[in-house]
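*Asks:* The listed protein sequences derive, respectively, from chains A and B. Take the first sequence: its letter number 379 is residue 1564 in our numbering, and every next letter is one higher. Take the second sequence: its letter number 345 is residue 352 in our numbering, and every next letter is one higher.
If the Cβ cut is set under 7 Å, some of the chain A residues that face chain B in the computed set are:
(1) Thr1204
(2) Leu1207
(3) Val1218
(4) Gly1250
(5) Asn1301
(6) Met1521
Note that these hints are calculated values from the structure, not bench results. Nothing here was measured: the structure is a model prediction, and the numbers come from that model. Beta carbons: idealized from backbone N, C-alpha and C, even for Gly.
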Amino acid sequence: MKAIPLAYSVRNLWTRRLTTALTAGGMALVVFVFAAVLMLDAGLRAALVATGQPDNILVTRRASGTEIQSGIERNQAAIVETQPEIAVGPGGARMVSKETVVLIAQPKRDTGVATNITVRGLGEEGPALRPQVRITAGRMFRRGTTEIVVGASIAERFDGTGIGERLRFGGREWTVVGVFDGAGSGFDSEVWGDGEQMMQSFRRNAFSTVVARLADPASFDALKARLESDPRLTLDVKRERRFYEEQSEVLSNFIRILGITLSVIFSVGAMIGAMITMYASVANRTAEIGALRALGFRRGAILVAFLVEAVSLALLGWAVGLAAAMLMTLVRISTMNWQSFAELAFSFTLTPDIVAQSFAFALAMGLAGGVLPALRAARLKIVDALRAA
Amino acid sequence: MQFLKLVLRNSLRHKLRTGLTVLGLVVAILAFGLLQTVVDAWYAGAESAAPNRLVTRNAISLTFSMPLHYRDKIRGVDGVRTVGAANWFGGIYQDPKNFFPQFAIDPAPYFAMYPEYRVNDGELHAFLRDRKGAVIGRKLATTYGFKLGDTIPLQGTIYPGTWSFTVRAIYDGAEAKTDTSQMFFHWDYVNETVKAKTPRRADQVGVFVVQIDDPARSAEVSRAIDRQFVNSLAETLTETEKAFQLGFVAMTEAIVVAIRIVSFVVIFIILAVMANTMAMTARERLAEYATLKALGFGPGYVARLVFGESVAIAIIGAALGIAATFPVSAAFGAKMGTLFPVFEVSGATVALQIGCALVVGVAAALLPGRRAARVKIVDGLRAIG
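Generate the whole structure from the sequences, applying the supplied hints.
*Replies:* Set out below in structure tokens:
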């Protein structure tokens, strides 16, 4: 079967530029929304997955769900610390950080509205357990003082978080001595200080969580089983990465379900646009179709030519929409994570998967919008079509 | 009259195309209406806040509590009528997905301060007499099929352990915007249980709801309350209930802004579709427009024909879309259950829908209308579809 040259379909689009631009523009907007939503979700996941280290575990009070609600008494923390699976650092100390995690309300710089930010009081080995965190300005806090360091997103968005400035919470003044970069992780939205100092100021006797590094990541199941069945403890043991993934589940599901529902609804509009355009395209060229058939092109060839035209339209929309979505990677969004009840900043992240998914989505829109008009074109009888001129 | 007839006849010439355009409009207007309603639902808490209620909380953040004895000190502040303690309970009913708010409260003052929660006296007394009793909202009762006398088990997250409460009363909302997806039980009961298990965490209150005599004095009374606790271990922050609720909205502002932007994107999508329809229509009829002009009709009349047709299609689409918004949002709200306590299509949403449809109708006809008005008779008559 002889195929109609590709140029025929493409040049048809060029001839009716305004219509092409409007139809492809509608599709581009749909692709943009679709890709932007997936990018937002990918960014959120990336931030929270990056927060956890694969060989770290995080221990919380049973069924507490979040670090804020968790509480671990000193004796319980000591039992966790002495487990044989836990790695020993170069200095001979166990790689364990008993931490105090609280939320404080601070006004945002641009709006002045108070938002919850996470304050983490770290144990001795706390920074060593998070190798992804680097100090980018100033220096690390000193233990036993009221010095604090702030994450990059906090320094950017909140008042009173510059180096040398002071934050007041827990009845004391805390001096900011450094800014750290958490490599896009959730730590970027946190304030860090000495755990023991924080416990005193917040009048707490119990830690919030215990973070520890395993000497061998494979020993996790054995450790979890032992700790969770220990009658002295009422604790949950999770891999750190898994814990932070769970922290984002509600927000991530919300973004994805809302976003995909919207994209599908919007795509109905865009498909209708494509259908209108293609029907008009067929109607205007009835005589032409008759001529092509008379020249010996089969029905199948006509069908393909019109489908190619519709798909080209959709791919044009895809290219424009994705290009616009790429610009969104420059944007960083900050919102409250419902589960942890604290501020979390993350960016739009473009992954190869999203490029492929949006491509498939645009292709589907083009085919769905083009198939009925193309069938109509293919079904025309040669005589009727030629007479229409 | 003649003009309207012409416009209507014109719009029905390509039944398929007009039908598809109208369908696209219906989808777009419907999606826009739903998104606006979602945004409204976000603000529902702030909308139903009363001007004479203040909320006092720990100044550090909401996750810190205040000692119980603050209640008496607050009650002593000039201008304060009633004070009630309230604690966010954060329990899980069977699965974390089944989210609904639970509060441990001082029952007597609380229901006096919230007249919009309507409980009949008999049920309220039954609740007051039963220390393990609970009051639940009508929407919550319907969502999970709770009846009077049922036991609701909750897995505590903030207060460890498994708790069970007996439904003693069901409240209705005074208005459609009242949140009836909440559950209330006795603060005293929770506190006593906590005292037995972890005495250190007992006698601590999350927030105090304060009713004042004169809403105009809210700022002054707020400051007076906070002044009582300056330099104490738990300094307080008092604000109006509305400001308190808006604080929650502000924390998730980025999401609200995104939804708002997206809701206008759909309008642009349909504008592109509509403009395309009108452009094709006008292009096909250039010969007719030239004929009309040759017969003596002015360019204004021809342009009005194009605008009339565009706006007519937009209005039909909008009318159907708005009509569909109500049943669809009711179904959506029911599906979301207690996640969106209040899900009502507001008058402002409908007005916005109409406004957007008119803008789409007019904007879509701008270029084609200009082209039709400017076409030269000779060129137009020469033009072939």
